[in-house]
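Chemist: Those protein sequences? They're chains A and B, same order as listed.
Just so you know, the first sequence maps onto residues 1 to 304 in the numbering used here.
Just so you know, the second sequence maps onto residues 1 to 304 in the numbering used here.
Watch out, some of these pointers could steer you wrong.
A pair holds if it fits inside one copy or across any two, identical chains being indistinguishable in the list.
As the list claims (entries may be wrong) - Straight-line distance between alpha carbons at most 30 Å, and here's what the computed DSBU-like set of lysine-lysine pairs gives:
1. Lys18 <-> Lys246
2. Lys30 <-> Lys220
3. Lys292 <-> Lys267
4. Lys103 <-> Lys189
5. Lys189 <-> Lys104
6. Lys267 <-> Lys189
Rather than coming from a laboratory, the hints here were simulated on the basis of the structure.
Take a look at the letters that make up each chain.
2 protein chains.
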Amino acid sequence: MLNKLKILKEIKKHKAKKIFLQIPEGLKTKALDLVGFLEKNGLTVYLSAETCYGACDLRNREAEVLGCDLILHLGHSDMGIKTNIPVVYYEVRINYNPVPVLKKYTDLLKPYEKISLLTTVQFLSALEKAKEFLEKQGKTILMKKPNKAKYPGQVLGCDYSAAVEKADCFLFIGSGEFHPLGLAERTEKPVFFLDVEKGVIKRMENRLYRIKFAGIEKCKEMKRFGILVSVKPGQFNPNLAERIKKALESKGKRAWVLVFDEITPEKIMGLGLECLVNCACPRITEDVGLFKKPVLGPEDVKKL
Amino acid sequence: MLNKLKILKEIKKHKAKKIFLQIPEGLKTKALDLVGFLEKNGLTVYLSAETCYGACDLRNREAEVLGCDLILHLGHSDMGIKTNIPVVYYEVRINYNPVPVLKKYTDLLKPYEKISLLTTVQFLSALEKAKEFLEKQGKTILMKKPNKAKYPGQVLGCDYSAAVEKADCFLFIGSGEFHPLGLAERTEKPVFFLDVEKGVIKRMENRLYRIKFAGIEKCKEMKRFGILVSVKPGQFNPNLAERIKKALESKGKRAWVLVFDEITPEKIMGLGLECLVNCACPRITEDVGLFKKPVLGPEDVKKL
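For reference, chain A alone in the conformation it holds in the complex:
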């Protein structure tokens, strides 16, 4: 999955000597082996032990403090974060053929003519195969270049703009419910999830819509709002937080701006907040149960 020689070649292009390595959870078992290989080739490597959820989760400030001259960021694609130190985004691709599963579920997709195909960076080749197969079946396949993500059809936790609105349905190919759920929250149209691990296609429900709506209703009564800000470079938006604070105060609420590295519920226990507004990773808003209090998105504040 990791082409170590190719990685080394990329590093050498930058003439880097001291590397800061970031690796997402799913690739951690390969991490120490890669570090050993790079060290044998004369490099110094610091391995970030922090979680790495996406390209937004770039630890460039830590790399700077450590005097590194390159960040090697595995498994995610460049989303255009500006840094003082160069970053090599090494995308990890998984070869997967979705055709057998698509054949099995031909009936499920029968009612839909125009299909918008979506995936994450590691399954982009599966998207190509699916496109070819479905077009042969007479479908019109819609794919577009997203706003923040890099490739046509690619989604990020904060970017579902690759979903083509005029499609009759959406088909996400990948692993884990995080992305197809995120998509289902953002559309009224059917969202199908081809689960590469289980080899099935299922339709996703928009489970959160009603919970979220109820959350907004509850917050109308509430007075003490916490505004969540993350210092992670790709999630950092203090100006939005300031605007939300003013908007809340104009509605007679009290609001405090809270700054996090990683956003977890226990960090705000004991502050006596009633409700949260999330100005960091948009997906935190969906971790409804976790915080045991309503978590609104910035766009919800005008509904209060």
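On the provided structure of chain A, position chain B as indicated by the hints.
Modeler: Relative to the frame of chain A, chain B by itself:
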């Protein structure tokens, strides 16, 4: 406990407008009230939601990124960390009279003539009262200025140099076992803990010595070492980590430098490490059970 007017005056001295506020767990209930007060006085305040264990745990880089012009760090004393943004350390003092408890435990301290008194910054006034009382009882009270901490008799999690070696015993006055335990690990002499919350004095045992010794024995056989580095300004020591890595490799071990913000066990699960060497907060070494594998201090590596 918090003199808000005094805090405001300190801030005004620095002509600061945008404040980054750090507050330890025990003061969190007072946090939002203080923020509200400062905002009413025309200041913008960002409240750090991250844990704040000591002055070492300074989030100056986050404050910089947010464009703040002052860090207000509550509850800890200055330990001399250099920063680009000024830091106001507002020490919180608790008025506590230890004499009634000392009277109750006169017999316990009877065998000891020279007593070294110790505490944390918030109970410094209790130290004065204890000194006066014990001297009247004929004891010789020893106190000295520590290396990193600011006041005679004051301890930090990483600095027990205020403990005067030639004493017959040590008496720590404060709250929680963290510090008296830390002291007990570092001396063969009796350590007494006057627990201000429970109103009792108990003798601390050095529980970790044997566990730690056994850990070193186990690590002799082990091959795969993780070296823990923290980016927290007061715990940051990558050069030590590099030296430890070389020392381990010269003993035929493999070693990887792991970089953390907050050091927690789940972040290194799945890496396949057998043993850890802690080059961050020295007290992590004592959280033996937490990591489910031996955690050595840097000084232990030469014993392998």
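Chemist: Indicate, hint by hint, whether the structure satisfies it.
Modeler: The hints, checked one at a time:
Proximity of Lys18 to Lys246 under the C-alpha cut-off of 30 Å is restricted to the inter-copy arrangement: shortest distance 16 Å between copies versus 44 Å within a copy. In this assembly of identical chains, Lys30 and Lys220 lie within 30 Å of each other by CA distance solely across copies; the values are 25 Å between and 48 Å within a copy. Taking CA atoms no more than 30 Å apart as the test, Lys292 paired with Lys267 passes in both settings, with 13 Å inside one copy and 24 Å between copies. Proximity of Lys103 to Lys189 under the C-alpha cut-off of 30 Å is restricted to the intra-copy arrangement: shortest distance 22 Å within a copy versus 76 Å between copies.
Taking the shortest alpha-carbon separations for Lys189 and Lys104, only the intra-copy value of 22 Å comes in at or below 30 Å, while the best inter-copy value is 75 Å. In this assembly of identical chains, Lys267 and Lys189 lie within 30 Å of each other by CA distance neither inside one copy nor across copies; the values are 37 Å within and 38 Å between.
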